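A.B. asks: Heads up: the sequence lines are chains G and D, in that order.
Letter 539 of the first sequence, counting from 1, is numbered 539 in this note's numbering, and no numbers are missing.
Letter 302 of the second sequence, counting from 1, is numbered 302 in this note's numbering, and no numbers are missing.
FYI, nobody ran anything at the bench for these hints, they're computed from the structure.
Please read these numbers as outputs of a predicted model, since none were measured by experiment.
A couple of the hints might just be wrong.
Only some residues are given here: those of chain G computed to face chain D with a beta carbon under 8 Å [unchecked claim]: (1) T93; (2) R161; (3) F331; (4) E357; (5) R359; (6) N477; (7) Q557; (8) P579; (9) S656; (10) V658.
Cβ pair distances, simulated, as ranges [what the hints assert, rightly or not]: (11) D:N22 x G:A345: 34 to 40 Å; (12) D:S262 x G:N350: 20 to 26 Å; (13) G:T364 x D:G719: 41 to 47 Å; (14) G:D110 x D:G719: 53 to 59 Å; (15) G:A612 x D:K718: 52 to 58 Å; (16) D:K415 x G:T364: 46 to 52 Å; (17) G:G363 x D:G603: 49 to 55 Å; (18) G:A612 x D:K61: 28 to 34 Å; (19) D:E357 x G:E258: 18 to 24 Å; (20) G:D667 x D:W353: 43 to 49 Å; (21) D:G719 x G:G613: 20 to 26 Å; (22) D:Q611 x G:D110: 30 to 36 Å; (23) D:K718 x G:D511: 55 to 61 Å.
Ideal Cβ placement from N, Cα and C applies to all residues, glycine included.
Chain by chain, the residues run as shown.
Number of protein chains: 2
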Amino acid sequence: MKIKMNQISPSTQLFRFGTPFNTEAVTLNIDASSFCETENLPQFKCEKKDNTYLFTYVMNKKQCIFGLGESLGGMNKRSHNYRMWNSDDPSHTEEKDALYGSHPFFIISDENEKIGIFIDFPTEFHIDAGFTQYDILSIKVPSENFDLYIFTGNSELQIVREYLKLTGTPYMPPKWAFGFQQSRWSYPNENAVTNVADKMADAGIPCDAIYIDIDYMDNYKVFTVDKNKFADFKKFTAEMKQRGIRLIPIIDPGVRVEENYSVYEDGVKNNYFCKESDGKTDFTAAVWPGLVHFPDFLNDNARTWWGQLYHFLWDAGIDGIWNDMNEPAIFYTPRKLEAAKKKIAERTINNSWDFFEIRDSLGTLANRRDDYAEMYHLPGDGKSGIVSHENLHNLYGLNMTRATVDEFKKDFPDKRIFLLTRSSSAGAHRMAAIWMGDNQSWWSHLLLHIQMLVSLNICGFFYTGADVCGFSGNVSNELALRWMQFAIFSPLFRNHAALGTRNQEPYNFDDKTTNRMRHFIRTRYKLLPYMYTEFVNAVKTLTPLCTPTAFYDKSCQSLECQDEFFLGRSILVTPVYQPNAQGRNVYLAGNRPYLYVKLCNNGLDNFNIVQAGNFYAEYSADEVAFFIKENCGVPTGVLEEDGKTFNTVEIIAFVSGVATASYYEDDGETNDYLKNNFFQIDFTIKKEINNSFCIQATTQGNRQPEIKNYNFVIVDEKGGITRQTFSL
Amino acid sequence: MKIKMNQISPSTQLFRFGTPFNTEAVTLNIDASSFCETENLPQFKCEKKDNTYLFTYVMNKKQCIFGLGESLGGMNKRSHNYRMWNSDDPSHTEEKDALYGSHPFFIISDENEKIGIFIDFPTEFHIDAGFTQYDILSIKVPSENFDLYIFTGNSELQIVREYLKLTGTPYMPPKWAFGFQQSRWSYPNENAVTNVADKMADAGIPCDAIYIDIDYMDNYKVFTVDKNKFADFKKFTAEMKQRGIRLIPIIDPGVRVEENYSVYEDGVKNNYFCKESDGKTDFTAAVWPGLVHFPDFLNDNARTWWGQLYHFLWDAGIDGIWNDMNEPAIFYTPRKLEAAKKKIAERTINNSWDFFEIRDSLGTLANRRDDYAEMYHLPGDGKSGIVSHENLHNLYGLNMTRATVDEFKKDFPDKRIFLLTRSSSAGAHRMAAIWMGDNQSWWSHLLLHIQMLVSLNICGFFYTGADVCGFSGNVSNELALRWMQFAIFSPLFRNHAALGTRNQEPYNFDDKTTNRMRHFIRTRYKLLPYMYTEFVNAVKTLTPLCTPTAFYDKSCQSLECQDEFFLGRSILVTPVYQPNAQGRNVYLAGNRPYLYVKLCNNGLDNFNIVQAGNFYAEYSADEVAFFIKENCGVPTGVLEEDGKTFNTVEIIAFVSGVATASYYEDDGETNDYLKNNFFQIDFTIKKEINNSFCIQATTQGNRQPEIKNYNFVIVDEKGGITRQTFSL
């Protein structure tokens, strides 16, 4: 077999099959003249049958697979099946092979070798990561046109960096996005939103954002606000912002078919909507608004048009957007609904199989593969003619994101956008945040939140999170507590719940529980200096914020460790994610001791030195517990009464020799940090012979620091505590 | 409040509310004259509102809840909701509160106190075990007529024994039931069954039973065999039995409505079927056969009639029965189906909510609470008139079991019945086995198998198990291996899969996997002497075969340990139930060392002494690994070439002082063991001062032993191995 190969960097090879569609995943400029021909792929066996390529790789017993973004199957993705097909599937049970996004980048690794793979292809294909046969990884691409990249490197992090050099620098949200966010389907009107803000304030719980779900609109018509619910939306938005709370409205792509509705009429008039196979008739499906047309985000003009529509919200003072349902989700198409109704009316029921058939004729109308085959795009400038949605399905969400982001950038070139989007694909990580979709109030989904954070980070989605306490179903008291306790370490920290489920706002529990949740959320704000400093560092160095212990240590325990991760450079997060636990077994990777920190609700913090290896860590729902690596320091805020703001930074450092700690500031809103408008202070804390500590600092950036006073809580290797201060 | 109380034993109090229906759960004779009046329940707050009783109990932080039989929520049942309502729900996701059986017996325990609770009530009620508020256990019984028992004792095992004294001695299956069993929906005909038997034999995999699922029948008509599939059923059954394989046919309660079908016609003629509210019309619903009537198992005559129908199978040489669908499962009722069709035809779809309504009108027809309210019984001799099924729903499965068992006992008074039944309630444990219903090929359901074994054992269901490798969905290579590896410790060891899923018979994998599965299954047979000895001991002493570590040790780790259990008196089972693991963290309860045994596929076994506490145990899919308690011995068979039979018993003993080990034999088929027709040899193995071992034996029972030669593999506390023999 002859394959076109392009050595695009010493560690990255591109193998080009046929003439791939440009998915926009790759931003690196690839020299088209640098292709040569090769017979084989390194490591992989490559076979072609009909129009399908099959790549197989024989795994040894210890090889792990990391990455694959938004998918099930643990941090180590081996032993599971994956299907790259963006899917609105609200039941994330173990066997599922496809969720809302497709991120076909992964690393096969063991002690000796690390190989990265990225398949740049815009629609469905399959990865069997040792499901059928544990030793065999196979990738099946049903096309002759796609790019396959192979990365090599000495470490997984090096391979991730190569992938991010290829596909772009991760999304940087505004700073307020790191605060606590409250959501529910739905706070449908001013009163409901005000009530949440009031209750939060009454309970002393800081909060940076409240989401408004589909009910704020007039009859689910996108880019409208129901005046009966929000009499003066702009005024209300401003009032809330005055209170420190951003409103984040949901936007769905489906445009309700309704005469005199301007978005609908403009779309029809200008051919901005996806078409039927005739290339003329607007494709119709049903989602929340009933019958809708879908904007053709693959088309340049439609994308621009859509992006401009957000002005309706920017003008109302909205700072953040939540793009949902953009796989796009389809509840049914009128054509198949009619066919189902006909079958139900006419079919004689002779046995239960007949019944199942008519039942399923209605029950399986949502998210049908064959509906997508009936929807067409006019990609780019539209001059190349129509393309079936089926052939570029996975790009729909990304291109809705592009629509939102590109026009925002034109109008607010300096401002960072807050954009949360559900459906995504490779490359979307540089444009917006995703969350993990419609999870459940299950303990296993708390664990999934932990695991998917790591998988998504490896694919460049550094700012992400799951619906805290679970979207569907009722949350138990204990699960709510443990989830909130963990989620303070989740870059996106949003509590969100579905219609009809238990009220899970932090103040909607018994007093003891609410007290604990207040402590968690305030501790989130206390840790914000660390979170933000590390996030910016992650973006700047193309290093995931959340990384598995297996990247640091290749022991059995580390490779098997699926329930903890390093957050930034200094903290190991080890959540309790099982019921009825007073603590958990922790694996402390490497061979150096850690500092076990408990930030307690009673204000008395607790520091203990723990040796590397296995450790049973007790921690209750009264405290926030984590581990600090040796010779690292963690900047925290000394919170004011509001539980949110601070004037002094306190650095908790575990110092046996020379420790480093950084604290970073910028304006939090703009991209000026890229123009040196930031302040960063980098400390070294050196243990002297007489057991005192020498603190030295260097600073970076042009910005005047807001914080000038630094307290140090220094714990030495014997657990002794020294307090020092430092002022600019 | 005045409550009737009866102190029925020093440790058991009965609180009687109103005039309870006799559920048959309790077999102990209760002296009706011994009731006195009391104001309060011990520990519980009791409130009555309308016709509902609410019992609440304030739990401390460390209290665990054990029991509750077939339910989700871990071994410790706290932090979950439970609904006593037998349900055919094939999706055992975390939030589910009701499965196929209702077993409302549980123990609240901590170091200081153990309280047992049993609510004897035949239909729906709720237990909130700290779900809504972690500190509060609440029981809500919507009736004025029920019995509530409170047990006290020094240990959980003592409370279990009191419960079993009240409700009867657990079911004792024939010995062959402890062999490996293979099932699938479906092996529909002689060829398919023969093929399974042949492939097993070719692969050298012993097997004691093959199940035939619904397709063996003529058009799903119960008590028929399709002659096109099994030309001579009796001859075929005999042939298979000749090969050592029992056929186990499925029996569903729904009787197909079909003229000239004798079961249907007899049932109609004699009023054996459940009725509509008029007490006359036979109640009709749809299950596999299409429209069916349900036998009124609550009625004495109908129950006798049904029990006699099994003669059709006993006469064909069948030794074991699988009663399924006996909640009873309902796919739909014709009345509601017509209403749904009407709604679908007439409803105008204005928005998605309209669509959901018509979709769900068909999609929610199964297992509807309101269907059961339209079904009526004539309980007992029928003279007391009709009773709504809704008022005694949970007794339907138990009474189908009674029908099968009672008539079997009349006709084969000495023989043990093999009966596997899906739906059950308290008391059913003394009549038959249950399995854990339609699980999924999920790792979490492997863990659920482990956990539910313990919960069911606490409620008296000693012989039970889950569908190994999972019923619904495709099993991965690795999950199949790990599940089979664990299931050799499951009393019921049945591999079963749903229609359309991956073939998961042990020979249907790659050679390496099949070799490993052969090793597991042969090791099951090797361990049968221990399994059977311990099972009989469990039944005789009313002590669960599978018990949680938390019964032995009240450390945090032990209380939190949800993934291991003691099997009998000597073995700790610690399965690997997570993907990509080379081993697992094990908690070794108590403060004495254990012997870590690995029985390897290469024939070289491996013994290591491990201290109590936390231990990372490596074990691959090539070996069977378990722990033996100090001063215990485990009898195993020295297998012949067939991998099943043995002439010598080898006792693996871990001896630091004086160890005990027992080996038991009986005819395996009859109840003669109750008449002293058994053989048991009890060894003591004493470590002498010179490091040699003195083996002494006593025997029990009148039966001549089959095994006369005993090898001993004795491991001392330093790991030294001594081999000795003993002959009768």
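A.B. asks: If a hint holds in the structure, say so; if it does not, say that too.
C.D. replies: Results of checking the hints against the structure:
Satisfaction of the interface hint for T93 of chain G is found here, the shortest Cβ-Cβ separation to chain D being roughly 7 Å, below the 8 Å cut-off. Taken as an interface hint, R161 of chain G does not check out: its beta carbon lies about 25 Å from the nearest beta carbon of chain D, beyond 8 Å. Of the supplied interface hints, the one on F331 of chain G holds, with its beta-carbon coming within about 5 Å of a beta-carbon of chain D, less than 8 Å. The closest approach between the C-beta of E357 of chain G and any C-beta of chain D is roughly 11 Å, which is over the 8 Å cut-off, so the hint fails.
Taking 8 Å as the C-beta cut-off, the interface hint given for R359 of chain G holds, the closest approach to chain D being about 5 Å. The beta carbon of N477 of chain G is positioned within 8 Å of a beta carbon in chain D (closest approach about 5 Å), and the interface hint is therefore held. Hint on Q557 of chain G holds. Least Cβ distance to chain D is approximately 6 Å, under the 8 Å limit. Annotation: interface hint on P579 of chain G holds; nearest CB of chain D at approximately 4 Å, less than 8 Å.
The beta carbon of S656 of chain G is not positioned within 8 Å of any beta carbon in chain D (closest approach about 26 Å), and the interface hint is therefore violated. Taking 8 Å as the C-beta contact cut-off toward chain D, the hint placing V658 of chain G at the interface is violated, the least distance being around 33 Å. A C-beta distance of roughly 48 Å is found between N22 of chain D and A345 of chain G, which places it outside the suggested range of 34 to 40 Å. Between S262 of chain D and N350 of chain G the Cβ separation comes to about 21 Å, which falls inside the hinted range of 20 to 26 Å.
For T364 of chain G and G719 of chain D, the hinted distance range of 41 to 47 Å is not satisfied, since their beta carbons lie about 60 Å from each other. With their beta carbons about 32 Å apart, D110 of chain G and G719 of chain D fall outside the hinted range of 53 to 59 Å. Taking the beta carbon of each, A612 of chain G and K718 of chain D are about 29 Å apart, not inside 52 to 58 Å as hinted. Between K415 of chain D and T364 of chain G the CB atoms are about 48 Å apart, so this pair conforms to the stated range of 46 to 52 Å.
The supplied range of 49 to 55 Å is met by G363 of chain G and G603 of chain D, whose beta-carbon atoms lie about 53 Å from each other. Between A612 of chain G and K61 of chain D the CB atoms are about 30 Å apart, so this pair conforms to the stated range of 28 to 34 Å. Judged by the Cβ atoms, the range 18 to 24 Å given for E357 of chain D and E258 of chain G holds: they are separated by roughly 21 Å. Distance hint check for D667 of chain G and W353 of chain D: the Cβ-Cβ separation is about 45 Å, which falls inside the suggested range of 43 to 49 Å.
Distance hint check for G719 of chain D and G613 of chain G: the Cβ-Cβ separation is about 23 Å, which falls inside the suggested range of 20 to 26 Å. The supplied range of 30 to 36 Å is met by Q611 of chain D and D110 of chain G, whose beta-carbon atoms lie about 31 Å from each other. The hint said 55 to 61 Å for the Cβ distance between K718 of chain D and D511 of chain G, and at roughly 56 Å that hint holds.
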